[in-house]
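Chains as they are written, first to last, in my numbering: chain A, 1 to 415; chain B, 1001 to 1184.
It is worth saying that the hints were derived from the structure and are not from the lab. Check before you lean on any hint, since a few could be wrong.
Pairwise CB distance ranges, derived in the manner of DEER restraints [said to hold, decoys possible]:
no., chain 1, residue 1, chain 2, residue 2, range
1, A, 78, B, 1028, 52 to 58 Å
2, A, 63, B, 1174, 47 to 53 Å
3, B, 1111, A, 59, 52 to 58 Å
4, B, 1049, A, 39, 32 to 38 Å
5, A, 306, B, 1049, 32 to 38 Å
6, B, 1042, A, 381, 24 to 30 Å
7, B, 1062, A, 56, 55 to 61 Å
8, B, 1041, A, 78, 31 to 37 Å
9, B, 1023, A, 71, 52 to 58 Å
10, A, 56, B, 1042, 27 to 33 Å
11, B, 1036, A, 120, 51 to 57 Å
Don't be surprised by glycine CBs; every beta carbon is placed ideally from N, CA and C.
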Amino acid sequence: MSGSQFNNKVIQWFDDRLPIFSMLQHSAVEYPTPRNLNYWWNFGSLAGLMLVIMILSGIFLAMAYTPNEALAFNSVERIMRDVNYGWLLRYMHMNGASFFFVCVYIHIFRGLYYGSYKAPREVLWWLGLVIYLTMMGTAFMGYCLPWGQLSFWGTTVITNLFSAIPVVGDAITTWLWGGFSVANPTLNRFFALHYLLPFVIFALVFLHVVALHTTKSNNPLGIDVKGPQDTIPFHPYYTIKDLFGIGVLLMVYLGVVFFLPNFFVEPTNYIPANPMVTPPHIVPEWYFLPFYAILRSVPDKLGGVIAMFGAIVIFFFLPWIDRSKVRSAKFRPIYKQLFWIFALVCVVLGYIGSQPPEGSMVPLGRVFSVAYFAFFPLLWLISKVEKPKPLPQSIAAPVLKGASVGHAAQPMEKA
Amino acid sequence: MANMSTHTQGLPPGDASRRDFLLYATTAVGVAGTAMALWPFINSMNPSADTLAMSTTEVDLSSVAEGQAITVTWRGKPVFIRHRTAAEIEEAKAVNIGDLRDPEADDKRVKKPQWLIVVGVCTHLGCIPLGQKAGDPRGEFGGWFCPCHGSQYDTSGRIRKGPAPLNLPVPAYTFLTDTTVRIG
Ligand code: HEM
Ligand code: FES
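Given only the sequences and the hints, what does the whole structure look like? Please build it.
Shown next as structure tokens:
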């Protein structure tokens, strides 16, 4: 990476010794970005903002929180009632997790729709999936910390998933718990890991961005950038667009924090953990519901666990399951429909996961779990037979067609 | 290693394999050493000595009438003790063992037929099944019903329906007198 030139002598002096300013200049100012990105491209930076909010609110919560089975629940109540702005920190953190997942889910489905998982972005896609998995682990362990009834029983059910592993399953669950059931040692280690993992996510996000800036951004047309006329510098065009998105996100997020802070919360979690009584209806947080529905749909313990993890792991193979060379669903009439059906199936599975496993929910859960997995072989099939619509010449071509002809060949003027 | 003395003249074949050997040996020792150094960290997460110290629980059963059940705590887990009725014992015995998911005869699961003692943790994902209190649902087989994913146990605590793979386990216990039992 060649160093940039700076007018400020101090900055130049420093940059010659540690090129952070050059790095910033390359990746946040000059970074040549496709000129046609739509608002779905905002959600990466929005997820990044949520990560920063989670780490900040979390560190300050940790200063007042006690990870001990006898004290945890009350320490959270003390945060809510006595610690200055403790209610704000906790509501920001609690709802922040939900908004973090909203951003990441939209970000993932954006990638699915516009084919961002395809060559040359496979590693970028994998890093995203690893971030998502780490987030799930972090949120799961965070949910244990307030030590309410659902904290306790959610932790019990999820850690017991590992007991399905043949032969070593029981040894693994005992090791995870540090005892013979979820108890104080479990709470202690979950707090230690809940503190650690967000920083691991931070490092993964850094790699994700390095991979992005190596392969460059995809775009709604899914075609490659042909030259400078197809791009604009990141700053000021996308910095301002991201800033606008941040404004909208903060309005909705803080609206919930201030006016509906318990919107996503099951009231049962305001009852202190009782290892002797399972609440009548256990539901995980909404962002886990589709996978929970899949788990419950398989009438076999090990089979259910395999299906649940498989539902995520299969996404790692997507770059090879989809054999079409065309990225964007805009030009793929069959894939476009398949995509929307899949999105709908995920939402319905989420609803099924939130209901008690009785009556019509059981067969419905099975049908929709099969539909979920059917997406992948179907995609494999249609990606060979589908006839894509003609692709535009370049990113700039359709935009400039209406404008003065002949200008299109010219490189875009840079700000 | 016949050409050991010729190591100054470039790299004769024997020398190359010696270097390979040294490289592999160093790597193997390094990997084994790292793995061994990791073990104390991993093992520190296993149950500690105080958690492991086998605890026992003594229970007085004299106040548990026929048809009633009590729940006691043992090693942080609930243990179900049910004073079974004659009909319940009959039902448990009448089952054809071959039809069971986890085949076990009822008399292998009790010391005194009227007292059924099992660990009250669903063998699916660890919830506590309902069926201890009078108004609780007990499922189709008159034993316990797990609210989490709908596993059903019979009057011997054996799995009959739902996702759980195994019967409710029977803990080690001894009757100290006719009406006191020590679990563990
Ligand atoms: C990836 C980012 C993070 C996610 C997704 C996350 C998620 C969660 C969730 C879902 C809860 C339970 C909220 C509730 O119901 O009360 C929680 C609690 C908690 N988290 Fe985090 N967290 C993150 C980062 C952090 C960080 C960096 C810390 C710093 C140590 C932290 C400290 C805490 C503490 C002390 C609690 C318990 C207090 C409470 O329940 O509100 N978190 N977290
Ligand atoms: S934990 Fe009992 S049925 Fe799943």
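Hints versus structure:
A hinted range of 52 to 58 Å for the beta carbons of residue 78/A and residue 1028/B is consistent with their spacing of about 54 Å. The hint said 47 to 53 Å for the Cβ distance between residue 63/A and residue 1174/B, and at roughly 50 Å that hint holds. The hinted range of 52 to 58 Å is satisfied by residue 1111/B and residue 59/A, whose Cβ atoms lie roughly 55 Å apart. Checked against the hint of 32 to 38 Å, the C-beta distance between residue 1049/B and residue 39/A comes to roughly 58 Å, which is inconsistent with it.
In this structure, residue 306/A and residue 1049/B meet the distance hint of 32 to 38 Å, their C-beta atoms being roughly 36 Å apart. For the hinted restraint 24 to 30 Å between residue 1042/B and residue 381/A, the CB-CB distance of approximately 44 Å leaves it violated. Between residue 1062/B and residue 56/A the beta carbons are some 59 Å apart, a value that agrees with the proposed interval 55 to 61 Å. A C-beta distance of roughly 33 Å is found between residue 1041/B and residue 78/A, which places it inside the suggested range of 31 to 37 Å.
Evaluation of the 52 to 58 Å hint for residue 1023/B and residue 71/A yields a pass: the beta carbon distance comes to about 53 Å. For residue 56/A paired with residue 1042/B, a C-beta distance near 32 Å keeps the hint of 27 to 33 Å intact. Our hint of 51 to 57 Å for residue 1036/B and residue 120/A is violated, since their Cβ atoms are close to 41 Å apart.
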